[in-house]
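**Q** Sequence:
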Amino acid sequence: MSKVRDYQQLAHSILEAVGGEDNIISVARCATRLRLVLKRSDAKAKDQVAALPGVITVVESGGQFQVVIGQHVGEVYEAFRPLVSLEDGNSDQGTETPKGTILNRIIATMSAVFAPFVYILAAAGILQGALILISLVFKDFAATGTYEVFSFISWAPFTFLPIFIAITAANHFKVNQFIAVACSAALVSPTWAEMAGRITSGESISFIGIALSGTTYTSSVLPPLFLVWLLSYLERFLNRTINDVIKPLFIPFFSMVIMVPLTILVIGPITTLGAEGIANGYNYLAENAPALAGLIIGGFWQIIVIFGVHWGVTPMVLANFEQYGRDSFQAYQTIAVIAQVGAVIGVILKTRNKETKKVGVSAGLTGIFGITEPAIYGVTLRFKKPFIYGCISGAVGAVVASFFKPYYFAYAGLPGPLTLVNGISSDYPSSIVGLLIGTAIALILPIVLIQILGFGEEKVVPVTTPAAPVPAQEVSATLTNEETIQAPLAGQVVPLSDVPDEVFASGAMGQGVAIRPTGNTVVAPFTGTVVMIAPTKHAIGLRSTSGVEVLIHIGLETVGLDGTPFTLHVEDGASVDAGQTLLTFDASAIEQHGLQTITPVIVTNASSYAEVIVGKQETVETNTAILTIVK
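Counted from 1, the sequence shown has number 616 at position 616 by the numbering used here; the numbering is strictly sequential.
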């Protein structure tokens, strides 16, 4: 099955689990997460989506339902977006977004605004770092035209940052994107920069009798953000009051002649002072108690990442670069990121589980690029101890680095190992020394702690099964690190690869087997909990007491039967014993619709285990072990 089909299937599954298109208010994405704002949040949806193959976990924070996917979030977003028709542009219709707390609304806005173009800023930061390195090796390079060209390329995204913000904020606040860009482009106009320069030099320039301030808006964050926010109210008012015939011309006209002067006169100066005030507050802490600043950021930054609220610091960091040309927050942030990479390496070196090593290598590689969600959710937080060791190591490394006054001198969209060069400056030679020492501690300390103290790798405990014996020749002898799964229904065993459905046959949903039923009763394959029941009753998901997750999908394409042939005997969230009846079905009714009753039995979290062994039997009863999970 193609990857495109994989992403489309996952997008459809997510949409179905969260309540369909009617329950979606907005959809966005960041580096690793699909971020949904829902009309109604159902606790069951979180477990259902988290159990889907390809989903690392689900976090509900900042008023958002955040589906953590990892490096393929872009593909899933592109598959998900066409499935929902949301109001865009200057429409004033649709459901009002839930308000939530002010903090949640701020966090959701920052995420929606900055996440889409963070890789652009990250790429520009890496280019600036490369120029720093080349200039250190070749002393005359900075005087060449080549350096100048690459330099202005690297600064362009920051210089015209208000335009990037206008685009994403227009999507978030449902504003006409071109009007928002026109207004923000005026803020970075060379003419206004020249006028602001004259004002700061002492010249008095007024607008309708009001004196203008010399605030410039290149690289600014809050002025264009507040501009677009207020523009959303103005645009809705104009849509309601202006005649439809002249709307296309006069909505942009009034928007520009009102919002640009309002921003220059009021919004810009106030918000710029606010951003600088927050930055100055942090800088006061960093300058007067650097060890405390390092301890807080190095130790707690990854906890902030877990809840997806880390975008909230972006205006402060950018204000530091704009105002001082340097920032210590990203220096400590880098150390915190590298500490989680070190924790992953520690797990890779310690574990004997092949699958854990495989997941660890993948997560560690993304961590090198400053993206730690796969490392956190796939490895360190999963085992808990590595995450704690990483936070402790980040704190220790940042505290040690703080004695050397570490700074970043170029913005890093995704701080991590590759952006350490951003801490090099001839004016602050101790900065890179502190960063290297701090990151070395952050990288090595969790590795050492994990080798000495272990990392809490869980032991899979076999579940209690009915008294009926399992024939020894049917499944490998059960070891202490193995768990058996019984057949949920009687019938003929069919290899998963032979199932006439590409999604199941390819293994995209997970590993397992299929059964062509001879009866009409589905029973629990182990002792555990019902974690998902499809609205159409054709599929049921369970989790064993040890964490094995199994999907039982009765028939193929039976979702279209609207649940008619199926009778449930349990509820979602119910605890079940091995062999307990889950549901019954009318096989003849399914076949009358031209559909097959063949039932895939899938271990959806198979990647968490070393191996899923399929039994060799051709027919099974409900007390027969058909799968063995090897830790």
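It cannot be assumed that every hint is accurate.
Below, simulated BS3-like cross-link-like pairs (lysine-lysine); rule was C-alpha separation at most 27 Å, straight line [as the list claims (entries may be wrong)]:
no., residue 1, residue 2
1, 174, 139
2, 174, 39
3, 44, 354
4, 385, 354
5, 357, 39
6, 537, 46
Pair by pair, the computed Cβ-Cβ distance ranges are [said to hold, decoys possible]:
no., residue 1, residue 2, range
7, 247, 586, 55 to 63 Å
8, 136, 159, 30 to 38 Å
9, 497, 136, 52 to 60 Å
10, 130, 288, 29 to 37 Å
11, 266, 607, 38 to 46 Å
12, 497, 417, 35 to 43 Å
13, 417, 358, 18 to 26 Å
14, 280, 42, 41 to 49 Å
15, 273, 130, 31 to 39 Å
16, 563, 281, 55 to 63 Å
17, 43, 497, 33 to 41 Å
18, 529, 21, 23 to 31 Å
19, 281, 42, 33 to 41 Å
Since the hints were made in silico from the structure, they are not lab data.
Idealized CB from N, CA, C, for every residue including glycine.
**Q** Could you run down the list of hints and mark each one as holding or not?
**A** Status of the hints after comparison with the structure:
no.: 1; hint: 174 with 139; verdict: violated (49 Å)
no.: 2; hint: 174 with 39; verdict: holds (17 Å)
no.: 3; hint: 44 with 354; verdict: violated (32 Å)
no.: 4; hint: 385 with 354; verdict: holds (19 Å)
no.: 5; hint: 357 with 39; verdict: violated (39 Å)
no.: 6; hint: 537 with 46; verdict: holds (19 Å)
no.: 7; hint: 247 with 586: 55 to 63 Å; verdict: holds (57 Å)
no.: 8; hint: 136 with 159: 30 to 38 Å; verdict: violated (25 Å)
no.: 9; hint: 497 with 136: 52 to 60 Å; verdict: holds (56 Å)
no.: 10; hint: 130 with 288: 29 to 37 Å; verdict: holds (34 Å)
no.: 11; hint: 266 with 607: 38 to 46 Å; verdict: violated (54 Å)
no.: 12; hint: 497 with 417: 35 to 43 Å; verdict: holds (41 Å)
no.: 13; hint: 417 with 358: 18 to 26 Å; verdict: holds (21 Å)
no.: 14; hint: 280 with 42: 41 to 49 Å; verdict: holds (43 Å)
no.: 15; hint: 273 with 130: 31 to 39 Å; verdict: holds (35 Å)
no.: 16; hint: 563 with 281: 55 to 63 Å; verdict: holds (57 Å)
no.: 17; hint: 43 with 497: 33 to 41 Å; verdict: holds (36 Å)
no.: 18; hint: 529 with 21: 23 to 31 Å; verdict: holds (29 Å)
no.: 19; hint: 281 with 42: 33 to 41 Å; verdict: holds (39 Å)
In the structure shown, a violation is registered for the earlier hints numbered 1, 3, 5, 8 and 11, in ascending order.
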